[in-house]
Amino acid sequence: MTELHDTGERRRTSDTPPSITDLIDEETVRSIVQEAWSALIGEDELLVPLPGGLPENAVSSWVHVAGPWNGIVVLTCGRSTAEQLSRELLKEHAPPVIEDEDIEDALGELANVVGGNVKAVLPGPSALGLPEVGSAPVAGSDTRRVDLLWRGQSLTISVQGSAGAPLDQ
Amino acid sequence: MRALVIDDSRVMRRIVAGILEDLGYEVQQAGHGREGLDVLNGGWVPELACVDWNMPVMDGLQFVSAVRSNPAWRQVTIMMVTSESEHGQIVRALAAGAHEYVIKPFTADAIRDKLALLGLLPEEVVL
Amino acid sequence: MTLTATSFDWVRALVHRESAIVLQPGKEYLVEARLLPIARQRGIADVSTFVESVRSRPDTDSMRCIVEALTTNETSWFRDGDPFTALTSTVMPALLAARGPNERLQIWSAACSSGQEAYTIAMLLVDSMPSATTRVSITATDLSREMVARTKAGRFSQLEVNRGLPAPMLVRHFTRAGNEWEVAPALRRMVTATECNLAAPLPRMGPFDVVYLRNVLIYFDLPTKQVILRRVRELMRPDGWLFLGAAETTLGVDDSWERVVVGRSSAYRPIKGK
Ligand SMILES: C[S@@+](CC[C@H](N)C(=O)[O-])C[C@H]1O[C@@H](n2cnc3c(N)ncnc32)[C@H](O)[C@@H]1O
Numbered sequence: 001m002t003e004l005h006d007t008g009e010r011r012r013t014s015d016t017p018p019s020i021t022d023l024i025d026e027e028t029v030r031s032i033v034q035e036a037w038s039a040l041i042g043e044d045e046l047l048v049p050l051p052g053g054l055p056e057n058a059v060s061s062w063v064h065v066a067g068p069w070n071g072i073v074v075l076t077c078g079r080s081t082a083e084q085l086s087r088e089l090l091k092e093h094a095p096p097v098i099e100d101e102d103i104e105d106a107l108g109e110l111a112n113v114v115g116g117n118v119k120a121v122l123p124g125p126s127a128l129g130l131p132e133v134g135s136a137p138v139a140g141s142d143t144r145r146v147d148l149l150w151r152g153q154s155l156t157i158s159v160q161g162s163a164g165a166p167l168d169q
Numbered sequence: 001m002r003a004l005v006i007d008d009s010r011v012m013r014r015i016v017a018g019i020l021e022d023l024g025y026e027v028q029q030a031g032h033g034r035e036g037l038d039v040l041n042g043g044w045v046p047e048l049a050c051v052d053w054n055m056p057v058m059d060g061l062q063f064v065s066a067v068r069s070n071p072a073w074r075q076v077t078i079m080m081v082t083s084e085s086e087h088g089q090i091v092r093a094l095a096a097g098a099h100e101y102v103i104k105p106f107t108a109d110a111i112r113d114k115l116a117l118l119g120l121l122p123e124e125v126v127l
Numbered sequence: 001m002t003l004t005a006t007s008f009d010w011v012r013a014l015v016h017r018e019s020a021i022v023l024q025p026g027k028e029y030l031v032e033a034r035l036l037p038i039a040r041q042r043g044i045a046d047v048s049t050f051v052e053s054v055r056s057r058p059d060t061d062s063m064r065c066i067v068e069a070l071t072t073n074e075t076s077w078f079r080d081g082d083p084f085t086a087l088t089s090t091v092m093p094a095l096l097a098a099r100g101p102n103e104r105l106q107i108w109s110a111a112c113s114s115g116q117e118a119y120t121i122a123m124l125l126v127d128s129m130p131s132a133t134t135r136v137s138i139t140a141t142d143l144s145r146e147m148v149a150r151t152k153a154g155r156f157s158q159l160e161v162n163r164g165l166p167a168p169m170l171v172r173h174f175t176r177a178g179n180e181w182e183v184a185p186a187l188r189r190m191v192t193a194t195e196c197n198l199a200a201p202l203p204r205m206g207p208f209d210v211v212y213l214r215n216v217l218i219y220f221d222l223p224t225k226q227v228i229l230r231r232v233r234e235l236m237r238p239d240g241w242l243f244l245g246a247a248e249t250t251l252g253v254d255d256s257w258e259r260v261v262v263g264r265s266s267a268y269r270p271i272k273g274k
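Protein chains in written order, with this note's numbering: chain A, 1 to 169; chain B, 1 to 127; chain C, 1 to 274.
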């Protein structure tokens, strides 16, 4: 569990929003993602907490969280990883050819599921935005990032505070 | 039995619809609350509606309120299926008239367990 | 290296001796899957090497870990529904009428897994017969230390609360604790969790008015089922109620029970004089 540490630092900066690293730890983010994978992708789909390299054609999906904490929850992985994830999500309901629209939709939905659960750990109440898909908004210094391997392929989840760094462009 | 699945993600719609169809439901899908209301207004009034919360045009909470304000749709049991998982949000959805709440991520078993609670498991399904 | 026949047989015998759980031949994959994480934790790459090292130099902790890893802890809230609705519709009213106004009632969730069964009972009592709750205590027991600890903690993952817990009960009795949900202190106080091996002589407990012995007899052979049913009966009040899992029965196992229909479920009651 994460808690706000009542340090002198926090008192001094009480009018600036709390830093994400004080609000959520790596283990909590990892367990949220693992639960999403176990339930939606497959019971035995283990995510290994190791950094890999993201391929050049990496895609991201993200959702905004607006409330006492403001920022985005971003999921990033390679294009082919995203396609496999879509196929695994749909399982026997997957069409023979997965269209780009399905891949984007699936990736967005995974960000939504992870984002909703991250939001519930942060101070609330807050609102969750609709998923967006594209190239990742640049992360600022106020970021809690978790690198994972799924079937040997890397994916990253980052929870990025909107304070301290520009989000889009 | 009939079920309406409302979610802006078509992948998620297919997953939920697939689970319900496997249980013997006849399913229609809608991409947001307004589309869902259109289905009901068209005369297709199901026993069950599975509704996401965050959607464009009309969100799940507005859909729940709209359905509950029409006595003709009293028979529709509403189950939220959403990644909104704050305690207070679940309270709001129940207060608005949703009967059950499934938090994403879920498994097929979770949907089945909830339907059993609601008495909405088709008879022929053997546990 | 895959699991050798000798390793498998040794694990099978150990698990049977310590828990009475019967691992049928052909369950090698299960042993492999359940023990691999433990082997890895100890820096051993494969299951056979791990099993052989414990076999050649047995230590109680490793053996216990092996046995616990081979228990199946699958459970859910209101599992099968009816055995729980029967509690408040029939069983509790009958017991309250039969007992004096200050007599305590004791309920046992034997083989409680992570505690969903015990807390289902606690929530039902608090919600539908609040005046009786001060008189009721719930004992939850399991072979597995991890499961007992989890029951004590009363914390459940998102996936676990999704499994059969009615949303109104979730919001009434739970608060968020990080990524998990934590049961209210008032419910936790009603439940006492301890370790207990059903396949060994039972500790002094009870006497119990109601026993939930659900989805655990299925793992045992006939003689073990008979012994357990007899021991459980000795810890029950003569007019007590026993609930078994949907695939379990006393019929053809132990004829000292009478099967009674309660609502859409059935319960078993000790036959006098047997
Ligand atoms: C499938 S779970 C059933 C949980 C719950 N009663 C239910 O119906 O959902 C079986 C439980 O039995 C426990 N168990 C197995 N062998 C046991 C033994 N010999 N003594 C006590 N508990 C045992 C396991 O640890 C596991 O938690």
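Treat the hints as calculated values from the structure; they're not laboratory data. Don't take every hint at face value.
Calculated Cβ distances over 12 Å to all of chain A for the following chain C residues [to be verified]:
#1 A39
#2 C65
#3 Q158
#4 N162
#5 P166
#6 A177
#7 G178
#8 W181
#9 A199
#10 R233
#11 V261
For each label pair, taking beta carbons as the anchor points, the in silico distance ranges come out as [as the list claims (entries may be wrong)]:
#12 A/R79 with C/D61: 27 to 37 Å
#13 C/S89 with B/G88: 26 to 36 Å
#14 B/G97 with A/G67: 44 to 54 Å
#15 C/T85 with A/R151: 41 to 51 Å
#16 A/V48 with B/D38: 38 to 48 Å
#17 C/R172 with B/R68: 16 to 26 Å
#18 C/L222 with A/G53: 53 to 63 Å
#19 C/V260 with A/L149: 47 to 57 Å
#20 B/A95 with C/R204: 39 to 49 Å
#21 A/V48 with C/Q226: 38 to 48 Å
#22 C/M129 with A/R79: 55 to 65 Å
If you're wondering where the values come from, they're calculated on a predicted model, not measured in any experiment. Beta carbons are placed, not taken as given, at the ideal position from N, Cα and C, and that holds for glycine.
Point to revise | Non-conforming hints, listed in increasing numerical order | key: 3, 4, 6, 7, 8, 12 and 14
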